[in-house]
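Keeping their order, the protein sequence lines are chains A and B.
Each residue of the first sequence is one higher than the one before, counting from 1 in my numbering.
Each residue of the second sequence is one higher than the one before, counting from 1 in my numbering.
Think of the hints as simulated: they come from the structure by calculation, not from any bench.
Think of the CB as a built atom: it goes at the ideal place given N, C-alpha and C, for glycine as much as any other residue.
One thing to keep in mind: the hints can contain errors.
Straight-line Cα separation of at most 16 angstroms, EDC-like style, residue types lysine to aspartate or glutamate; simulated pairs [what the hints assert, rightly or not]:
| id | chain 1 | residue 1 | chain 2 | residue 2 |
| --- | --- | --- | --- | --- |
| 1 | B | LYS35 | A | ASP65 |
| 2 | B | LYS28 | A | ASP65 |
| 3 | A | LYS396 | B | GLU163 |
| 4 | B | LYS35 | A | GLU692 |
| 5 | B | LYS119 | B | ASP36 |
| 6 | A | LYS396 | B | ASP17 |
Partial list, computed: chain B residues near chain A (C-beta under 7 angstroms) [as the list claims (entries may be wrong)]:
| id | residue |
| --- | --- |
| 7 | ASN4 |
| 8 | ASN22 |
| 9 | LEU59 |
| 10 | ILE61 |
| 11 | GLU64 |
Quick look at which bits of chain B chain A covers, simulated, 3 or more residues with Cβ under 8 angstroms [claimed, not checked]:
| id | stretch |
| --- | --- |
| 12 | 115-124 |
| 13 | 127-134 |
| 14 | 140-149 |
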Amino acid sequence: MRPSNSQWKARLGDSVPENLSAEIDVFENEIALRKQGKIEDRIFAETRLRRGAYGQRYDNGQRSDGTTTRTLNYPDVPTKGPNTLWDAPGMQRIKIPFGGLNAAQLEMLADLCEEYSDGIAHITTRQDVQLHFIHIEDTPTIMRRLASVGITTREACGNSVRNVTACPIAGVCRTQTFDVTPYAKAIAYFMLGHPDAQAFGRKFKIAFSGCAHEACGLVRLHDFGAIAVTREENGKTRRGFELWVGGGLGPVPQQARLYDEFVPEEEILPICQAIARVFARLGEKKNRNTARLKFLVSKLGIEEFKRLVIEERAILTDDPRWTSYLKEAHVHEEQPLKPAALLQIDPARPAARSTSRSSDFDKWHRINVYQQRQQGYATVTVALPLGDITATQLRKLADISRTYVKETIRSTVEQNLVLRWVSEADLPALYADLKAAELALPFAETIVDVSSCPGTDTCKLGISASRGLAGELRERLAAQNAETDEVIGGLRIKVSGCFNSCGQHHVADLGFYGVSRKKGNYVVPHFQVLLGGEWQNNAGTYGLAIGAVPSKRIPETVDRITTRFRTERLTSETFQAFIKRIGKAECKKMIDDFTAIPSHDDDPSFYSDWGDPREFSIGDIGVGECAGEVIFPIDFELVACEREVFEAQLQLEAGNVEKAARMAYDAMLHGAQALLKFRFMVAPDSPDKIVEDFRTSFYDTEIFFDPFVKGKFAQDFFRAHEQATLANQPRTAETTHQLIEEAQLFIEACYSTHARMTATPAKVTA
Amino acid sequence: MDPNSVQHINVKVFVADPDAVNIADAVKVFHQWIKDTVCPEMLIDVTEYRHVPAGPGVLLIGLEANYSFDECENRLGLLYNRKAALDGTFQSRLAQAHEAALTACDRLEKEAGFGGKLKFDRNKLEVFVNDRLLAPNTEETWQALKPELEKYFAGSTVERHGEPRDLFRVAVSLP
Chain A
1 MRPSNSQWKA
11 RLGDSVPENL
21 SAEIDVFENE
31 IALRKQGKIE
41 DRIFAETRLR
51 RGAYGQRYDN
61 GQRSDGTTTR
71 TLNYPDVPTK
81 GPNTLWDAPG
91 MQRIKIPFGG
101 LNAAQLEMLA
111 DLCEEYSDGI
121 AHITTRQDVQ
131 LHFIHIEDTP
141 TIMRRLASVG
151 ITTREACGNS
161 VRNVTACPIA
171 GVCRTQTFDV
181 TPYAKAIAYF
191 MLGHPDAQAF
201 GRKFKIAFSG
211 CAHEACGLVR
221 LHDFGAIAVT
231 REENGKTRRG
241 FELWVGGGLG
251 PVPQQARLYD
261 EFVPEEEILP
271 ICQAIARVFA
281 RLGEKKNRNT
291 ARLKFLVSKL
301 GIEEFKRLVI
311 EERAILTDDP
321 RWTSYLKEAH
331 VHEEQPLKPA
341 ALLQIDPARP
351 AARSTSRSSD
361 FDKWHRINVY
371 QQRQQGYATV
381 TVALPLGDIT
391 ATQLRKLADI
401 SRTYVKETIR
411 STVEQNLVLR
421 WVSEADLPAL
431 YADLKAAELA
441 LPFAETIVDV
451 SSCPGTDTCK
461 LGISASRGLA
471 GELRERLAAQ
481 NAETDEVIGG
491 LRIKVSGCFN
501 SCGQHHVADL
511 GFYGVSRKKG
521 NYVVPHFQVL
531 LGGEWQNNAG
541 TYGLAIGAVP
551 SKRIPETVDR
561 ITTRFRTERL
571 TSETFQAFIK
581 RIGKAECKKM
591 IDDFTAIPSH
601 DDDPSFYSDW
611 GDPREFSIGD
621 IGVGECAGEV
631 IFPIDFELVA
641 CEREVFEAQL
651 QLEAGNVEKA
661 ARMAYDAMLH
671 GAQALLKFRF
681 MVAPDSPDKI
691 VEDFRTSFYD
701 TEIFFDPFVK
711 GKFAQDFFRA
721 HEQATLANQP
731 RTAETTHQLI
741 EEAQLFIEAC
751 YSTHARMTAT
761 PAKVTA
Chain B
1 MDPNSVQHIN
11 VKVFVADPDA
21 VNIADAVKVF
31 HQWIKDTVCP
41 EMLIDVTEYR
51 HVPAGPGVLL
61 IGLEANYSFD
71 ECENRLGLLY
81 NRKAALDGTF
91 QSRLAQAHEA
101 ALTACDRLEK
111 EAGFGGKLKF
121 DRNKLEVFVN
131 DRLLAPNTEE
141 TWQALKPELE
151 KYFAGSTVER
161 HGEPRDLFRV
171 AVSLP
């Protein structure tokens with residue numbers, strides 16, 4: 001799309017690590033192949049998803065203007081997925097393991113959101129960053145530029161291990177057992193691209209928490225959640241994790257089950273690998289609605305699941321990466337930039353106070369500043385409205401992080417950023433700098449700090465405008481100074497655009513997710529109300545659904561519920577205890593009169609959503625890409641073979657005849673290997689053995705035979721192998737060209753064979 | 001550098017009296033523009049960031065270009081952000097962006113949704129290049145593009161703004 005895309009690779013040069021550069025080259029070639037129609041769209045979709053390139057609303061070329069659904073006339077070029085148009089804007093998700101960021105990375109995000117997106121970087125509820133309205137052909141350049149500052153987007157979406165999240169105050173937390181950061185980092189890079197994590201039926205989410213009782217890690221809503229624990233053994237303290245498995249939100253929320261009270265630290269990576277293998281082997285593949293790990297754990301029962309994992313663990317080949325990081329993990333500690341110094345508080349000198357510390361500062365300090373376990377240091381939360389930050393703000397924050405801390409920044413699941421290791425004496429100056437950057441909003445982690453998924457703004461699955469509602473609630477609650485209210489100030493509000501729960505509404509005190517209701521000939525946007533979810537205790541309990549309320553009445557609903565809690569709660573009663581005490585029937589009664597919908601003539605405002613003046617419609621809901629279709633490893637392997645053939649062509653064009661011939665032959669070899677792997681789960685690595693096994697299993701059995709040319713394509717392969725093994729056989733451009741053609745046909749035959757092997761037999765009727 | 005290699009030229013025209021305008025009104029107007037296909041570009045969606053201080057404001061997302069009520073640096077203006085590459089020269093690309101921005105300003109001033117309060121100061125502009133590789137905010141870029149800008153905006157004052165990390169950006173004061 002952009003002329004500069006072709007120049008960035010050379011410009012970035014060695015700043016892109018070799019392995020990431022190779023991966024991005026592969027993706028760029030896959031884009032080229034898809035444009036030529038040489039990769040199936042469903043496979044390309046999963047390919048791009050596994051690189052974080054996601055679809056966006058209206059990418060099927062249809063958009064409702066409120067009364068009519070109109071066609072968006074995109075150019076007629078290949079799709080980038082089933083029913084997903086090539087030129088339609090998409091979203092790029094950027095994985096940020098444990099939320100860890102530095103100043104250069106903030107600056108890069110600033111550049112990218114300005115040049116390729118809409119000027120905003122969005123922090124998600126899983127510590128990722130998302131850029132919206134991205135063109136697919138810009139994504140390799142975006143990935144290269146990110147890679148140049150140490151970020152990969154690999155496996156940010158798709159049926160893969162997603163971003164590994166961790167408590168953003170790990171290491172500085174006053175109540176942690178130990179710092180989980182090194183473990184989160186180790187598992188994130190260990191599982192990234194791991195062969196045992198490539199055949200899942202759905203995504204797999206991992207989280208780490210430093211202690212059980214706080215919220216930070218949200219361990220109990222994850223597929224694999226680890227809480228730091230220690231044990232005394234033989235007079236020594238041993239580190240380990242309380243391991244929870246099979247948690248998840250979505251339409252069928254399920255709390256994770258306790259797998260083990262103590263998994264020793266050296267076992268956390270191998271156990272994760274073993275779980276991945278069990279999930280890949282036994283997890284549902286056909287019905288994605290029941291394909292998350294939670295369904296497998298429920299089906300098997302936790303004891304049987306555990307037995308299978310232990311069995312799998314026993315047969316794993318030792319991997320030095322399981323423990324190589326542990327020595328460092330025990331001594332790991334981020335370093336401050338400045339010496340520890342306490343914030344000077346001198347109530348006896350109000351004049352001094354007025355010059356250096358305002359009441360605004362005091363409020364911000366009370367709400368946004370966390371005193372670290374290391375005396376004299378604080379962690380500061382930069383509250384971002386709806387998780388959004390501008391390019392300019394990112395650059396200013398980068399500067400601030402260089403001035404006050406050693407660029408120790410993390411994103412949070414509450415869609416904020418934190419600066420760790422601020423010397424307390426610097427807090428007034430830091431506040432002034434943040435304020436100048438409009439980054440000193442004093443409501444972090446309060447009722448005003450409403451979280452939300454993208455909803456109908458950009459998500460294909462969104463039903464209601466979650467961001468619109470979240471923005472409205474934030475504005476109203478801020479106007480009431482609700483963040484300072486002793487009773488309700490600490491409550492959490494979370495909004496999702498649909499039941500898929502990306503806004504994590506289940507674990508909020510007040511949660512909402514988008515639904516719709518019919519009224520006459522109209523559809524009315526609503527939100528289902530959930531009360532009493534528990535944020536603390538790592539998402540200890542899920543909220544109770546009490547009924548659906550029209551979107552436009554949600555602010556009143558929030559007012560009524562919080563007012564009642566404020567006035568009727570017992571001393572020190574939590575919101576969860578209050579909701580439990582008054583019961584579901586009473587909760588429902590509280591909102592009953594809000595459920596009525598006025599007629600369209602009486603109040604048309606009810607028939608459009610927050611921030612969207614169009615008449616509400618559910619016609620824009622598309623097919624989700626939360627994960628693509630289930631694609632078997634052979635699909636990817638055959639795509640890789642095709643890419644090798646493509647690259648062989650490029651080499652031939654460049655005059656590298658020998659290299660081109662080698663690549664074409666390798667493509668055939670890998671195609672044969674993929675078929676063997678598909679049929680027997682394992683395949684040999686040696687070329688001679690691959691050819692021998694392929695001949696026995698696919699040629700002699702005629703499984704590989706084409707209906708018309710029979711065994712020709714296999715014979716081409718055998719001949720190519722013979723020539724490859726003969727020494728001193730010079731290649732000409734002509735013979736290499738022919739070999740490339742044969743390789744292409746051989747890969748096509750591999751596809752056909754795979755299709756025949758997996759075809760559902762036709763029903764025979766009498 | 002060759003000025004004719006520069007793409008993605010943006011033009012921002014400032015609002016004369018920002019306090020008189022509520023950019024929330026732009027949301028409805030932009031939705032209507034999509035419905036009525038009023039622009040030469042293919043229009044896709046409206047997105048808004050009014051909750052972000054000094055942010056991108058309200059955007060009308062198109063395939064080839066975005067139009068937005070931009071609040072960057074707390075200076076409200078209509079921003080035309082050309083995304084798709086164009087044939088031609090620097091002069092023709094600048095003319096395209098400038099004319100697209102002015103056409104949008106004309107249209108917006110006539111929109112009933114703003115109650116006649118929206119006025120643009122067409123003599124105060126900013127021109128950006130939204131591509132750091134083609135046009136980094138450096139002295140070299142400035143020296144290469146200054147004559148081109150002065151030629152196009154004849155008789156105007158043209159000043160380079162921003163720091164090296166920013167997009168290449170100039171303020172233009174028309175006579």
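Structure-based check of all given hints:
1. Annotation: proposed proximity of LYS35 (chain B) to ASP65 (chain A) holds, straight-line Cα distance about 6 angstroms (limit 16 angstroms).
2. Annotation: proposed proximity of LYS28 (chain B) to ASP65 (chain A) holds, straight-line Cα distance about 11 angstroms (limit 16 angstroms).
3. Pair hint LYS396 (chain A) plus GLU163 (chain B) holds up; C-alpha atoms about 12 angstroms apart against a cutoff of 16 angstroms.
4. For the hint pairing LYS35 (chain B) with GLU692 (chain A), the CA-to-CA distance comes to about 63 angstroms; that exceeds 16 angstroms, so the pair is violated.
5. At roughly 22 angstroms between alpha-carbon atoms, LYS119 (chain B) and ASP36 (chain B) are farther apart than 16 angstroms, so this suggested pair is violated.
6. For the hint linking LYS396 (chain A) to ASP17 (chain B), the alpha-carbon distance of about 28 angstroms lies beyond 16 angstroms, and the restraint is violated.
7. Interface restraint check for ASN4 (chain B): the shortest CB-CB distance to chain A comes to about 11 angstroms, outside 7 angstroms, so the restraint is violated.
8. Hint status for ASN22 (chain B): violated, given a least beta-carbon distance of 14 angstroms to chain A, over 7 angstroms.
9. For LEU59 (chain B), the interface hint holds, since its Cβ comes within 7 angstroms of a Cβ in chain A; the closest pair sits about 6 angstroms apart.
10. Annotation: interface hint on ILE61 (chain B) holds; nearest CB of chain A at approximately 6 angstroms, less than 7 angstroms.
11. Annotation: interface hint on GLU64 (chain B) violated; nearest CB of chain A at approximately 10 angstroms, more than 7 angstroms.
12. Restraint check on the stretch 115-124 of chain B versus chain A: 0 residues with Cβ-Cβ distances below 8 angstroms, three needed, restraint violated.
13. Chain A is given as covering the stretch 127-134 of chain B, and this holds because 5 residues of the stretch bring a CB closer than 8 angstroms to a CB of that chain, at least three being needed.
14. Evaluation of the coverage hint for the stretch 140-149 of chain B: breached, as 0 residues show C-beta separations to chain A shorter than 8 angstroms, against a requirement of three.
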